[in-house]
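We have chain A already, so just place chain B on it with the hints.
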Amino acid sequence: MATRETPFVMPGNSSCAGCGAVLIARLVTEAIGPNQIMVIPACCMGAVATSFPKATFNVPVLRTAFASTASFLTGLEASAKAKGQDVTLVGFAGDGATVDIGLAALSGAIERGHSFVYVCYDNEGYMNTGFQRSGSTPRGAQTSTTPGGVLSRYKTEVRKDIAKIVAAHGIPYLATASPAYPADLRRKVERAVAVKGPAFLHIMSPCPLGWGFPSAQSVQLARTAVESGLWKLYELDHGVLRLSLAPKKRKAVREFFAPQSRFAHLTNDVYEGLQAEVDGEWATIEKEGFSLRCETARA
Amino acid sequence: MLKDGKNAQAFPEFGPERRGAPVRSYLRIDDQPILLRTPVTAPDTVVVMDATLLERRDTVLGIKPGGLLLVNAPERPPVVVSVPVRMAWVDAMRISASLFGKQIPNTAMLGAWCRVDGIVGQAAIEAAIREWFPAKHAEKNIEAARRAWDAVEVAELEASSASDTAKGSSAFAFLDDYPIIATAFPGEGGAGRTGSWRISDPVVDAQRCVRCGRCVTACPEGVVAMTEDGVTIDLTYCKGCGICAVECPVQAIRSGEVGA
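Going down the list, the protein sequences come from chains A and B. Residue 1 is where the first sequence starts when you use our numbering, and the numbers rise one by one after that. Residue 1 is where the second sequence starts when you use our numbering, and the numbers rise one by one after that.
With the rest of the complex left out, here is chain A:
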């Protein structure tokens, strides 16, 4: 079990250099502490969790099938109750396992009100199997299943907004976070643990290989997403919605898209359209205050 002296994420694991997801895993597990059980479905971190016979995370981990993260959390909660154990149950899943394949189980578990922290690290695609599109891949992105060419023009569909879907359940606690704002992330994780009932964290997870940018820029890119107003940091705590950060002077959205090869085909027209969309959202926020209506699916 992890202590102050031993790490929560063991070095020499099989994550890619510059992986945003393993950084998020480290920040989240460190914030929760040793008294936790992780449930990880098929996803990048599922593959990173074990290189048999060695395990990467220094806390108990259950590996599940793609669809059943929240089902496992449900069962573990019943088991912990029966044994009189007070332990934090953490679901740690990628966007594919959350917004697509595991959505039904997640929805059911939130509706039943079990106590757990569900972290969706969102790398915007099925990155572990070769960068296929997911329901969370933004519009316009090139993936291995949405290439650019005569018959296919990148991803044409709008991404699902998982945070809004989860919010519609009336969940006690919901927050978005970014690895570029570790203090904010840590505070939200601690709040999620303290809340009774389900809590959901949606965290942007830059993927150097899948998005096509140099590994050194992972954290910087996550920061640019927030500073350009694209990735909004907010929390919904028992019905009270709060914006965690409003960038004073917003960066151009182009600075987020341009370094990524999956958006290399975006033209000036598209950038102008995106910029107008984001500027419009923030104008509404400044006028009417932040609401989940201000979030539009984009790119």
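Please keep in mind that the hints were generated in silico from the structure rather than gathered at the bench. Quick reminder that beta carbons are idealized off the backbone N, C-alpha and C, glycines included.
Going by beta-carbon spacing under 7 Å, a handful of chain A positions derived as facing chain B:
id	residue
1	11
2	23
3	52
4	53
5	56
6	58
7	215
Same frame as chain A, but now just chain B:
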């Protein structure tokens, strides 16, 4: 192979496609059409693209006596085998780093394999590279293959009775050591000494460092630590992503020379 009038079949095994994940793929070559569609369990040749994989006992399992083991390694790798084999090694990583500034050892390994195996001629390999790559990349890749052709070294390995691989012929024989198959225990280096992935070292300027600790927080691997002596980085496992250098607010960390 096809260019030398042979039949060939190549396919990967399903698995994670992240960078650094162990991947196995198979190649069959024959003068006759190949009808088998199964994994290769008793290879004539094993090509190991990352020497840290040799720590996994299943990597060279099943190799035929007198077979060829080709390893991407900077120096002779300490390999123990249960059958006599011919071992060859070449520093394809260095060749790749010096030519491309990146870790793409594939064409270098192809050149080394072409030399030590001899099944396919050098001219056919170079023609295939020219066909596969766009013109602007082809010549550099041919240069990589040629350098590896020149640099590859060979040694005969005796069979050792002390070898772990003698335990069984199945790729899963190593599971015999683990009573509960589904349980893995926390340990460093599950994917090997991942420091070998690095093509440039992070260099810390202790004079400049203001000890803010941002690099410690931002390191995905958790291999950057703040000690009494300042920032230290565990180079055994540092993958060289470079995030610490970008996140440092006073430019006290930089990425060193590629291939240094």
